[in-house]
Amino acid sequence: MATDPAPTLIELRDVYRIYGHGEAEVRALDGVSFKITTGEFVAIMGPSGSGKSTAMNVLGCLDRPTRGHYLFNGVEVGGLDRDQRALLRRHYLGFIFQGYNLLPRTTALQNVELPLIYKGIGRAEREARALAALDRVGLAKRSHHEPSELSGGQQQRVAIARALASDPKVILADEPTGNLDTRRSEEIMELLQELNRREGLTIVMVTHEDDMAEFADRLIWMVDGQVEFDRPTRKGAA
Amino acid sequence: MLWETFKLALQAIRRNTMRSFLTVLGVVIGVAAVIAMVTIGAGSSAQVTADVETLGANRLMLSPGQNRMGPGSGSSSARPFDLSDIDKIVEQLGSIGVAVPTATDQLVAVFGNENYQTSVTGTDSGYLTLSEWELSSGRGFTDAEERGRSVCILGQTVVDELFGSVSPVGEDIRLGTLSCEVIGVLEPKGASTFGTDQDDVIIIPFRTYARRIAGTMDVPMISLMMRDGVSTDRAVNDLTALMREIRRIGASDEDDFTINTMEQLSAMLSGISSVLTGLLSAVAGVSLLVGGIGIMNIMLVSVTERTREIGIRMAVGAQSGQVLLQFLVEAIVLSSIGGLLGIILGMALGFVGANALNVPFIPDPSIILIAFAFSAAVGVVFGYFPARSAARLDPIEALRH
Chain A
1 MATDPAPTLI ELRDVYRIYG HGEAEVRALD GVSFKITTGE FVAIMGPSGS GKSTAMNVLG
61 CLDRPTRGHY LFNGVEVGGL DRDQRALLRR HYLGFIFQGY NLLPRTTALQ NVELPLIYKG
121 IGRAEREARA LAALDRVGLA KRSHHEPSEL SGGQQQRVAI ARALASDPKV ILADEPTGNL
181 DTRRSEEIME LLQELNRREG LTIVMVTHED DMAEFADRLI WMVDGQVEFD RPTRKGAA
Chain B
1 MLWETFKLAL QAIRRNTMRS FLTVLGVVIG VAAVIAMVTI GAGSSAQVTA DVETLGANRL
61 MLSPGQNRMG PGSGSSSARP FDLSDIDKIV EQLGSIGVAV PTATDQLVAV FGNENYQTSV
121 TGTDSGYLTL SEWELSSGRG FTDAEERGRS VCILGQTVVD ELFGSVSPVG EDIRLGTLSC
181 EVIGVLEPKG ASTFGTDQDD VIIIPFRTYA RRIAGTMDVP MISLMMRDGV STDRAVNDLT
241 ALMREIRRIG ASDEDDFTIN TMEQLSAMLS GISSVLTGLL SAVAGVSLLV GGIGIMNIML
301 VSVTERTREI GIRMAVGAQS GQVLLQFLVE AIVLSSIGGL LGIILGMALG FVGANALNVP
361 FIPDPSIILI AFAFSAAVGV VFGYFPARSA ARLDPIEALR H
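In the order they appear, the protein sequences are chains A and B.
Here the first sequence stands for residues 1 to 238, numbered as in full-length UniProt numbering.
Here the second sequence stands for residues 1 to 401, numbered as in full-length UniProt numbering.
The hints are simulated quantities; they were obtained by calculation from the structure and are not laboratory data.
Note that the structure is predicted; figures quoted are calculated from it, not measured.
Incorrect hints may have been included.
As the list claims (entries may be wrong) - Derived list of chain B stretches under chain A, where covered just means 3 residues or more per stretch with a C-beta under 8 Å from a C-beta of chain A:
| id | region |
| --- | --- |
| 1 | 266 to 273 |
| 2 | 297 to 311 |
To be verified - One side only, chain B facing chain A, incomplete, derived with CB under 10 Å:
| id | residue |
| --- | --- |
| 3 | E4 |
| 4 | L8 |
| 5 | Q11 |
| 6 | R15 |
| 7 | S320 |
| 8 | G321 |
| 9 | I396 |
| 10 | L399 |
Backbone N, C-alpha and C define an ideal beta-carbon position, used for all residues, glycine too.
Okay, chain B solo, but in the shape it has when bound (with noise of 0.2 Å):
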């Protein structure tokens, strides 16, 4: 019987081609919104991980204070850290491979007539290790320029604002008073997950930054790199209970530092995504509640249209029931096929968008059951009611129409 009803919605759908597509492009449009926002979605979080990764996977940054919001956003009170902890990090952890101090500020950088203003970034040549960043020409700090040369490293956008086809290495730029010869240039990185400009750079020695620009020698923070193998908990405990050790912490009291791990930008910034495709999602749905009332329009005026026929049904003994599964039956598959159409657009159009914002196409099978699932519900809930002023028609008035 169940058979036989969803065999007799399929030709009613049929024989009105035209309509049927129309009425069920609402639940298309509203799913295939919803699967291209998820997928397009989760290429984009899987892009900020990948993204992440560039920054240095097994990358920690260690700052004074208690901050939640992610690295060198949190101003404290706390004590800055100095050289001498870094020492001790190097030297006790054997989970840490590299600690550099980082400090940075924005600066206008001056050659010749051109002058460009530009983040400085004091710190050692361990911070290159640690980035995974190459130099594209020149050469990176040598020890003796680590104790306070004044010697200084371009990334590609200061190389070009500055000095446009002309070759930086062995020229003198100025960064205020501080007059320092570029020894290397960056390989280009391009944008950050943020949008950021990640060439827009000038790194010095961060004894040179300290003395001549900061004018202390204290550390605002330290950049690290676990060895590999090393899991980033086990990191973060040795970190965390050397620098309690250092900074003589009671057993009672919090930390006075932070520690945050790639693996907790990947998260944050994988969140802001979810909010995002959240949202969109939520628009998505409305479309579909739309598409669910022009369903239980057509299916008004189905069922006054084949008033006759609901007539004949009864006549020759169908049940109440039975008219009301048959027009159910008839909004679901409907709205069904609408969901199906909806998941192919929707994947199309997730594949479109994933090429054209270059983020990997990842087509997620959960969302695509919930989709067809939600849509046929669609089907039930707005499909229920003219099914139900069908079934309640007076046969002899049905047959009269």
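In isolation and in its complexed conformation, chain A is listed as follows (with noise of 0.2 Å):
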């Protein structure tokens, strides 16, 4: 079992993501492929307008692509309807924003909730998980605040525990530190990394500081929305 490989999770094989036709077409993506496994912690960067929040948009289902296969588990996703993609997203993705993305006037633990309720599940088992995952982000104390009573690095971990509620295969972070100070910022990274070291979380994480992409095991750099190089980070190679 230890010599096999670990199994590809996501796979982008030529993927093209135009908008618009003609002398106005712009490739945001522009033949994209790469692998991620299970257990990966992969950095997106580039400069902006590069296609990684395309990338991302694809990547997280939110969006479809014009062209080429995009496999999740093995399976083909690119062709799937809008509510196809939305079971996905349930049952298999974990978002982390930049600007959080709480529901205001909403406790930390109503907002954790929010996946399960979609999910179906039943509100004491709801309640447990949500607790749990608040806890596994070292935020069990604040369970009953509403975000505006929580700093920033607070609100981002309740994010976080928001998107590992569901337990999902892969956790789509898009510049999660981006709101952050860099002490904030390093927690908040520290945290990611401890996830996937300790709990074997697959992570994709689309940045624009370096400092922020070194948490990560692999970077993959994007330019016009090309794979321009896709190499291990320091961190990765050692």
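Reconstruct the complex from the two isolated chains, following the hints.
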């Protein structure tokens, strides 16, 4: 078992995402291919307009490729319709955003419960699982605070707990430290790294900060909608 | 899931209590207006029925010719009745207790320097029995007086107009060329259902009226009273059969007389009141429509304000249908709350209005249910468009909002 290569979780095969037609055509993704295996911590970087956010939206099944194949766990998901993609997100994906995207005037616990409601999990189990997720990010004691009563770092932790609560196969983090100062950013990255190392959670993260990318094992660098290079980070290589 | 959605809707409504309240105000007013109208309407119908009963519930009126619009209103070329018809009715019909001739004209009554135009009815003492009318002073007609003496009984209004505080009994008044002695005063009855003053009347013996005022012994109308325990149908059937025989109407010919019952009168009056209720309710319905548009407007605002929330929900796996349901349920809950408030307010208004108009307060459970269902339906109809626009949002755009 130990010698088996880890299974491929995500594979983009020659993926295009094209906006507009003819002269006005914009190729946000211009033939992107890469694989991500279970347990990896991947950072996607690139200058603005390089297509990293579009790649993230496609990976998150919020957007669909114009052409090419997206295999999730070996299943073609690029052609799924809106509601099927919602189901995929519900059961397999967890999101972390730059702006936290917590529901205002809603407690941390209720925010974390949100994905579990859509999974149809009953109240008691939902609360238990949401509390456990908050515990994993070190915020069990703040479960009844609303976002406005929490610091930026704490809000992002709640968002991470929300992503964890539904037991996803992969966490997609879009600039998770973009709104935080250096110290909070490192705390968040350490938390993600720990979840990756200790629990084997697969994480794909878009960032534009080199320091943050260094927490990942592997860096995919994009320019003009294409992958320019794809190599282990210093930490990953070590 | 539905329960969660319901709780979520309540939360969203509570978060903006003032705005939610103002939003549903249109529905509240609409429903309250409908409930109040219908409640007061039902009360006045009941009042009308009760009023008609004070005219004498067992009363029938027989007039010549075909008329369908109530007693006295149809002129026709049909033969009038004569006094012998009345004798035959009383002798031959066990279902009829009292039958008296009735004729009415407007005349000026004069006493001293006072004169006053009033309604003069020529009839017999049985009239007081069948209209359940007592005398407040004096006495009724004797048999001798009914054969044609110049005596009269006054309604309270006539007494007030002609005599002021003087006791009228024993005085003589003049009706046209007829001078007659006041022998009694009627107990005041007040205004009728039609709003006319029932006490504005002078009653004189029919024969006196026929000879001295009408100049003919024809009987223009016969007032009758059924015996206790006799059904209206039976009395009407008996009377119809007898009148057809007396008037020699062929088996294939139509009646040339009309029998009006108090039931018909009551139904006609209730009909008028329900038409009015219907019209007012239609106006109230327009208010509900406007209320619904208010809800649609505020739900559209809400969808715009909560675009990011919608994006978050979609990101964590909400399907379009679930987002649609969430906003639809919110609109329905909102309008149903409006409906409930409207029902409470409408009942209160109905109670106050019924008391003010002196009619009984009769709450109608079915109209309450209908009003509630209708307000919920307003939520469905006017919540659907905003909910659909929420469900159609693109999650990426929504998250960026």
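Grab the minimum C-beta distance from B:G321 to chain A and call the hint holds if it beats 10 Å, violated otherwise.
Constraint on B:G321 satisfied, holds at 7 Å.
| request: Identify whether the interface hint at B:I396 stands, where standing means a beta carbon of chain A within less than 10 Å of its own. | output: With a minimum Cβ separation of about 5 Å from chain A (threshold 10 Å), the hint on B:I396 holds.
Worksheet entry | Hint status (Cβ of B:S320 to nearest Cβ of chain A, threshold 10 Å) | Constraint on B:S320 satisfied, holds at 6 Å.
Worksheet entry | chain A over the region 266 to 273 of chain B, status - at least 3 residues with CB closer than 8 Å | violated (count 0)
Closest C-beta approach of B:L8 to chain A relative to 10 Å, hint status: 9 Å, holds
Are there at least three residues in the region 297 to 311 of chain B whose beta carbon sits under 8 Å from a beta carbon of chain A? That given contact holds, which follows from 3 residues of the region 297 to 311 of chain B lying within Cβ reach (below 8 Å) of chain A.
For the restraint on B:R15, tell me whether the closest CB of chain A is nearer than 10 Å.
Hint on B:R15: holds, closest Cβ of chain A at ~6 Å, below 10 Å.
ask   = Quick one, is the B:Q11 hint okay against chain A at 10 Å, beta carbons?
value = 8 Å, holds
* Asked: With a cut-off of 10 Å, does the beta carbon of B:E4 approach a beta carbon of chain A closely enough for the hint to hold?
  -> 5 Å, holds
Worksheet entry | Hint check, B:L399 versus chain A [nearest Cβ-Cβ separation less than 10 Å] | For B:L399, the interface hint holds, since the closest Cβ of chain A sits about 6 Å away, which is under 10 Å.
Of the hints listed earlier, the one the structure fails to meet is number 1.
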